[in-house]
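*Asks:* So the chains spell out like this:
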Amino acid sequence: MKLVHRNIDKDGGGSITLIPEESEDMWHAYNLITKGDSVRASTIRKVQNESSTGSSTSSRVRTTLTIRVENIDFDTQACVLRLKGRNIEENQYVKMGAYHTLDLEINRKFTLIKSEWDSIALERVEMACDPTQNADVAAIVMQEGLAHICLITASMTLVRAKIDQNIPRKRKGNVKQHEKGLCRFFDSVMQGILRHVNFDIVKCVLIASPGFVRDQFYEYIFQEAIKMDNKLLIENKSKFLLIHSSSGFKHSLKEVLLDPAVIAKMADTKALGEVRALEAFYTMLQTEPAKAFYGLKHIEKACEAQAIETLLISDDLFRCQDVSQRKKYVALVDSVRELGGDVKLFSSMHVSGEQLGQLTGVAAILRFPLPELDEEEDISDTDSN
Amino acid sequence: MVVTGHVDAGKSTLMGHLLYKLGRVNSKVMHKYEQESKKLGKQSFMYAWILDETGEERARGITMDVGQSKFETDSKIVTLLDAPGHKDFIPNMITGAAQADVALLVVDSTRGEFETGFESGGQTREHALLVRSLGASQLCVVVNKLDTVGWSEERFLEISNKLGSFLKQAGFRERDVTFVPCSGLTGENLTEPCTEPALTKWYKGLTLLEVIDKFKCPERPISKPFRLSVNDIFKGTGSGFCVSGRVETGMVQSGDKVLIQPQNETALVKALMIADVPTMTAFAGDCVTVTIANFDQQNIAVGYILCDPLSPVPVTSKFEARIVIFNTKVPITRGYPVLLHLQSLSEQAVITKLVAQLNKSSGEVVKRKPKCLLRNNNAVVVIETSRPICLELYRDIKELGRFMLRVGGVTIAAGLVTQVNLDSVLINNSWYFNFSLDCTFNFSDSVIIQENEWKSLKGSGFGI
Chain A
1 MKLVHRNIDK DGGGSITLIP EESEDMWHAY NLITKGDSVR ASTIRKVQNE SSTGSSTSSR
61 VRTTLTIRVE NIDFDTQACV LRLKGRNIEE NQYVKMGAYH TLDLEINRKF TLIKSEWDSI
121 ALERVEMACD PTQNADVAAI VMQEGLAHIC LITASMTLVR AKIDQNIPRK RKGNVKQHEK
181 GLCRFFDSVM QGILRHVNFD IVKCVLIASP GFVRDQFYEY IFQEAIKMDN KLLIENKSKF
241 LLIHSSSGFK HSLKEVLLDP AVIAKMADTK ALGEVRALEA FYTMLQTEPA KAFYGLKHIE
301 KACEAQAIET LLISDDLFRC QDVSQRKKYV ALVDSVRELG GDVKLFSSMH VSGEQLGQLT
361 GVAAILRFPL PELDEEEDIS DTDSN
Chain B
1 MVVTGHVDAG KSTLMGHLLY KLGRVNSKVM HKYEQESKKL GKQSFMYAWI LDETGEERAR
61 GITMDVGQSK FETDSKIVTL LDAPGHKDFI PNMITGAAQA DVALLVVDST RGEFETGFES
121 GGQTREHALL VRSLGASQLC VVVNKLDTVG WSEERFLEIS NKLGSFLKQA GFRERDVTFV
181 PCSGLTGENL TEPCTEPALT KWYKGLTLLE VIDKFKCPER PISKPFRLSV NDIFKGTGSG
241 FCVSGRVETG MVQSGDKVLI QPQNETALVK ALMIADVPTM TAFAGDCVTV TIANFDQQNI
301 AVGYILCDPL SPVPVTSKFE ARIVIFNTKV PITRGYPVLL HLQSLSEQAV ITKLVAQLNK
361 SSGEVVKRKP KCLLRNNNAV VVIETSRPIC LELYRDIKEL GRFMLRVGGV TIAAGLVTQV
421 NLDSVLINNS WYFNFSLDCT FNFSDSVIIQ ENEWKSLKGS GFGI
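Going line by line, the protein sequences match chains A and B.
Mapping the first sequence onto the numbering used here, position 180 (from 1) lands on 180, and the numbers just tick up by one.
Mapping the second sequence onto the numbering used here, position 210 (from 1) lands on 210, and the numbers just tick up by one.
Every clue listed holds true.
Calculated pairs, DSSO-like style, for lysine-lysine (alpha carbon to alpha carbon, straight line, at most 27 Å):
{"id": "1", "chain 1": "A", "residue 1": "Lys250", "chain 2": "B", "residue 2": "Lys353"}
{"id": "2", "chain 1": "A", "residue 1": "Lys250", "chain 2": "B", "residue 2": "Lys87"}
{"id": "3", "chain 1": "B", "residue 1": "Lys235", "chain 2": "A", "residue 2": "Lys180"}
{"id": "4", "chain 1": "A", "residue 1": "Lys297", "chain 2": "B", "residue 2": "Lys369"}
{"id": "5", "chain 1": "B", "residue 1": "Lys329", "chain 2": "A", "residue 2": "Lys270"}
{"id": "6", "chain 1": "B", "residue 1": "Lys235", "chain 2": "A", "residue 2": "Lys176"}
{"id": "7", "chain 1": "A", "residue 1": "Lys227", "chain 2": "A", "residue 2": "Lys180"}
{"id": "8", "chain 1": "B", "residue 1": "Lys216", "chain 2": "B", "residue 2": "Lys70"}
{"id": "9", "chain 1": "B", "residue 1": "Lys353", "chain 2": "A", "residue 2": "Lys297"}
Derived from the structure by calculation, the hints contain no laboratory data.
None of the values given here were measured: they were computed from a predicted structure.
My request is simple: use the sequences and hints to build the entire structure.
*Replies:* Written out as structure tokens, the structure reads:
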């Protein structure tokens with residue numbers, strides 16, 4: 001993302017103009033824009049003209065509109081952000097107050113006007129504009145009959161394809177069907193990789209599975225690649241990395257990211273940092289349960305006691321529609337920072353973020369034990385389900 | 001019967017040799033295996049090849065998926081399931097063990113080998129716990145490879161003592177566990193009484209075959225509605241396709257209409273086969289191959305249930321269960337992602353709510369809504385699966401109400417389904433609503449119903 005223009009007053013209100021450059025930037029924009037903000041962007045609008053004789057013609061015009069956002073829609077698969085709202089700046093085509101839906105496009109600038117830019121929002125802009133945070137990795141977690149092809153970027157894990165095929169088991173005197181089924185399965189996974197993985201961007205391809213499936217698969221694709229003379233695969237052979245995982249389900253990505261071989265290769269990416277932080281939380285919960293808490297009520301109490309060392313918080317919470325709720329979370333983050341605590345903002349698009357989201361979305365590791373918190377009869381029943 | 005044990009304990013070899021001695025494999029095939037395995041320099045694997053048939057398994061010398069075979073003893077027909085021992089293939093082992101009534105636990109008696117298999121990290125413990133939690137209550141411990149320690153009685157007793165006390169903790173009754181010394185490779189004490197003088201000096205007990213023959217048959221729930229969990233789907237000869245699996249309860253006849261859940265579509269049973277022999281009816285406990293017509297092969301997957309259209313199996317993605325937590329490194333909190341194994345099904349699931357932590361022995365509530373669950377805890381939790389699955393209340397049908405939870409290649413808990421949640425049960429199962437209508441959870445009630453099974457499960461939480 002490129003920052004074109006920034007104009008923020010002392011009281012926190014103002015506008016920022018950004019140009020999204022890749023699909024991940026849409027995710028950042030989705031996290032920035034909340035209900036009630038104003039967005040100015042160029043768009044296409046169908047305009048109906050009525051001539052003096054009464055016949056009407058309709059034409060499509062490109063125009064720049066400013067709307068007050070009422071509804072935000074994010075398509076995770078296509079990475080498209082759709083904003084619906086009322087027009088607040090009249091122009092020759094569109095009346096004041098007319099509804100319009102903006103599709104934010106890559107490489108077209110948009111201006112976001114907020115009445116209040118809080119620290120989380122500003123941090124998000126900074127993060128989005130930091131090019132060094134990029135590390136694209138493709139990961140295939142598989143087991144016999146099931147594979148997930150995922151793309152891992154700094155703040156998103158996208159499942160590009162899920163391949164679920166039945167492979168007949170071995171049975172007395174009939175292993176042919178098993179081997180055939182396995183071949184068919186490998187072929188579908190290979191087609192999936194060719195279709196979804198862009199080897200120009202992706203730095204490495206992780207193949208993870210229990211047992212020997214990954215070795216078998218690795219052997220298979222390169223045999224096929226030589227047979228079909230597929231240059232793309234052969235040239236990128238060095239990018240493939242075989243890792244152990246316990247299953248082919250999506251959540252075993254977490255294990256994959258913790259593998260020492262991956263850590264070495266991916267250095268310090270956000271995805272990795274999140275997985276580690278969550279791991280640390282669970283370890284603390286096991287060894288010293290009085291130093292690890294989750295749930296907003298407990299965390300707020302711990303914060304009051306100035307006890308929080310690391311705060312894990314899901315960005316899901318900042319997207320909530322209720323302004324006062326968001327303010328509460330922002331205040332929490334700010335106060336933890338002020339007291340010298342570390343704040344880890346989890347992306348809800350990662351596996352680790354998903355897990356944190358289930359865990360009320362906020363958790364903390366404390367500096368010193370607070371056993372009295374444990375006594376209190378709750379883990380607030382505000383769960384979403 | 002399922003054969004389990006640590007990797008390289010010699011399960012496949014033992015069973016292969018047993019089959020050979022019983023004449024289930026002809027000598028021509030055996031000779032071929034002997035020659036081929038010699039060529040690969042793995043002559044000791046020749047008996048294992050009877051059950052390990054895929055090229056991958058033979059080349060690596062380990063079992064990867066359950067091998068199935070059949071043999072007869074004096075009084076019984078035994079379906080043999082040879083489970084893989086390697087850590088990564090435990091999901092396969094679970095599908096095998098879930099079908100079994102009794103189990104063999106093979107241990108390697110070689111010095112050092114038994115210890116690695118038994119101490120933490122080995123599969124001997126995990127397998128024993130798994131088969132117990134999956135419902136097999138009778139166990140025969142085969143102390144294998146005794147020839148490598150010179151048929152020492154001392155060693156045999158040492159292993160028996162160590163394992164015996166562990167198995168008792170795991171919930172096996174003493175009279176249901178037998179220890180048999182033998183050697184899978186030389187074939188000592190498999191079918192015929194031992195001849196080795198070093199062994200006959202101190203061992204006068206039963207041969208392995210006699211022990212298998214003496215296992216008691218559990219009572220089959222034939223009167224309950226028909227359920228068959230799909231274990232394998234493949235193309236048979238002729239029209240239609242075949243599914244194989246174990247009839248859990250009830251019976252099925254060829255020509256019957258069955259309902260396939262959770263797809264909720266009916267299909268026709270065209271033919272039935274038990275061990276490649278066509279038959280007209282199959283009863284609970286039989287491992288049967290069903291040829292199915294009027295159904296698309298694409299729409300059925302492993303883990304689906306064939307059931308009686310008049311009393312279909314409940315389908316849900318959210319249910320309440322009592323779990324016993326084994327030895328986990330990480331505590332279980334809300335939102336903990338797990339892998340749920342129920343019969344042959346494995347599905348991604350999340351523990352969405354910790355309802356209560358229970359007292360281990362009395363089943364009373366210790367704490368409502370605990371923050372987290374640690375090792376050896378008993379608890380009531382709500383589990384949500386990513387896709388709807390078929391399951392039964394444990395009190396209705398035991399086989400389909402028992403499940404295992406695994407994370408990162410380790411079994412972390414075993415559980416029993418106590419309540420299928422009202423709000424997510426599909427409409428078509430309306431007659432199952434009355435089970436869950438008493439939404440106010442009544443602990444004392446459920447404790448009574450499940451007490452017996454619970455006690456044994458509970459036991460497995462100790463000492464690991």
